[in-house]
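Residue numbering for the sequence shown follows numbering that gives the first Met the number 0, beginning at 0 and increasing consecutively.
These are calculated hints, taken from the structure and not from any lab test.
In this text the structure is predicted, and so the values were computed from the model without any measurement.
Do not rely on the hints blindly, as some may be mistaken.
Restraint ranges, calculated between C-beta atoms of paired labels, are given here [what the hints assert, rightly or not]:
hint: 1; residue 1: 47; residue 2: 10; range: 32 to 42 Å
hint: 2; residue 1: 79; residue 2: 46; range: 19 to 29 Å
hint: 3; residue 1: 46; residue 2: 78; range: 19 to 29 Å
hint: 4; residue 1: 25; residue 2: 79; range: 13 to 23 Å
hint: 5; residue 1: 70; residue 2: 36; range: 13 to 23 Å
hint: 6; residue 1: 49; residue 2: 10; range: 29 to 39 Å
hint: 7; residue 1: 42; residue 2: 8; range: 32 to 42 Å
hint: 8; residue 1: 71; residue 2: 38; range: 17 to 27 Å
hint: 9; residue 1: 62; residue 2: 15; range: 10 to 20 Å
hint: 10; residue 1: 12; residue 2: 47; range: 26 to 36 Å
hint: 11; residue 1: 77; residue 2: 32; range: 10 to 20 Å
hint: 12; residue 1: 47; residue 2: 3; range: 27 to 37 Å
All residues carry an ideal CB built from backbone N, CA and C; glycine is no exception.
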Amino acid sequence: MYFDVYVTYDDGSPARGRDVSVEFLGLTRGFVYGYRDESGHASIGEDALAPGQANIWVGSQCFGPYDIDDGDGFTIELDP
């Protein structure tokens with residue numbers, strides 16, 4: 000399962016250089032770390048992941064939980 004996370008500021012500009020990780024909820028779940036680029040985009044995924052609920056972390060801020068399915072895209076908006 001793979002999905003995308005876009006991190007922006009409230010004015011729509013990309014939040015460059017932010018660490019993005021996803022905390023999958025459930026007994027056998029854990030964190031998956033995403034590669035992020037300078038446009039505020041992070042690709043998250045592993046073949047072994049199954050759809051479910053997860054929190055999206057940007058740095059030390061937690062957002063969610065979200066229902067995540069294969070191919071989803073999420074935009075996280077940060078205050079400047």
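### Task
Any hints from earlier that this structure breaks? Give me their numbers in increasing order, please.
Per hint list: 2, 3, 4, 7, 12 violated.
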